[in-house]
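Sequences and hints are given; from them, build the entire structure.
Following my numbering, the numbering of the sequence shown begins with 72 at its first residue and continues without gaps.
Please keep in mind that the hints were generated in silico from the structure rather than gathered at the bench. This structure is a prediction, so every number in the text was calculated from the model and none was measured. Every residue gets a Cβ at the ideal spot worked out from N, C-alpha and C, and that includes glycine. Some hints here could point you the wrong way.
As the list claims (entries may be wrong) - Computed Cβ-Cβ distance ranges for the label pairs, DEER-style:
| no. | residue 1 | residue 2 | range |
| --- | --- | --- | --- |
| 1 | Thr82 | Ser108 | 27 to 33 angstroms |
| 2 | Ile79 | Pro136 | 39 to 45 angstroms |
| 3 | Ala80 | Thr166 | 46 to 52 angstroms |
| 4 | Thr166 | Met72 | 34 to 40 angstroms |
| 5 | Gly98 | Ser157 | 27 to 33 angstroms |
| 6 | Leu127 | Ile159 | 16 to 22 angstroms |
| 7 | Ser157 | Met72 | 41 to 47 angstroms |
| 8 | Arg156 | Thr73 | 17 to 23 angstroms |
| 9 | Ala105 | Thr73 | 45 to 51 angstroms |
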Amino acid sequence: MTHSILVIAVTALVTLVLRFLPFLVFGGKRETPAYISYLGRLLPYAVMAMLVVYCLRNISFAAAPFGVPELVSCAAVILLHVWKRSSILSILGGTVCYMLLVQLVF
Numbered sequence: 072m073t074h075s076i077l078v079i080a081v082t083a084l085v086t087l088v089l090r091f092l093p094f095l096v097f098g099g100k101r102e103t104p105a106y107i108s109y110l111g112r113l114l115p116y117a118v119m120a121m122l123v124v125y126c127l128r129n130i131s132f133a134a135a136p137f138g139v140p141e142l143v144s145c146a147a148v149i150l151l152h153v154w155k156r157s158s159i160l161s162i163l164g165g166t167v168c169y170m171l172l173v174q175l176v177f
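Take a look at the structure:
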C-alpha cells in the first residue's frame, strides 16, 4: 500500500513540475525563443503522423479483410475533418466507423 501511494505521489509531482516548467522558464516578459515556437507549430502534426503510422502498421494486404476496415475508417476521418473541421468529431467518427466495421461487417 505504501509503495502504491509513493508511486502515485512521485508521478503527480513529476507531472506538476513538467506542467509548470515552461511557465517558470519562459514566464514573465521574456520572449519565447524562435525554436520553441517552431516546435510548437510542428510537433502536433508530427505526433498525429506518428499515430497514424502506429495505427496502420499491422495491416495485412495479403489476408482478408485486406485492410478494408482501416482504410475505410481513415477515409471517414478525412472526410469528416474536411467537412466539419473538428478534430474530436473526426477521431470519434473514425473510431465508431472502424468498430462497426470490425464488429458487424468483417
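- Message: A range of 46 to 52 angstroms was offered for this pair. Does it hold for the Cβ distance of alanine 80 and threonine 166?
- Response: Roughly 34 angstroms apart at Cβ, these two residues miss the hinted range, so it is violated.
- Message: Does the beta carbon distance between isoleucine 79 and proline 136 stay inside 39 to 45 angstroms, or does it fall outside?
- Response: Hint holds: Cβ distance 42 angstroms, inside 39 to 45 angstroms.
- Quick one: are alanine 105 and threonine 73 within 45 to 51 angstroms, going by C-beta? At roughly 47 angstroms between Cβ atoms, threonine 73 and alanine 105 fall inside 45 to 51 angstroms, so the hint holds.
- Message: Does the beta carbon distance between glycine 98 and serine 157 stay inside 27 to 33 angstroms, or does it fall outside?
- Response: Holds - the Cβ-Cβ distance for glycine 98 and serine 157, about 32 angstroms, lies within 27 to 33 angstroms.
- Task: Just tell me: holds or violated, for the beta carbon distance of serine 157 and methionine 72 against 41 to 47 angstroms?
- Result: holds, 44 angstroms
- Message: Assuming the hint says 17 to 23 angstroms, is it satisfied by the Cβ distance from arginine 156 to threonine 73 or not?
- Response: Since arginine 156 and threonine 73 have Cβ atoms about 49 angstroms apart, the given range 17 to 23 angstroms is violated.
- Message: Taking 16 to 22 angstroms as the stated bounds, is the beta-carbon spacing between leucine 127 and isoleucine 159 within them?
- Response: Because 21 angstroms falls inside the window, the suggested range holds.
- Could you see if the CB distance from threonine 82 to serine 108 stays within 27 to 33 angstroms? Holds - the Cβ-Cβ distance for threonine 82 and serine 108, about 29 angstroms, lies within 27 to 33 angstroms.
- threonine 166 and methionine 72, beta-carbon distance inside 34 to 40 angstroms? holds, 37 angstroms
Of the hints listed earlier, those the structure fails to meet are numbers 3 and 8, in rising order.
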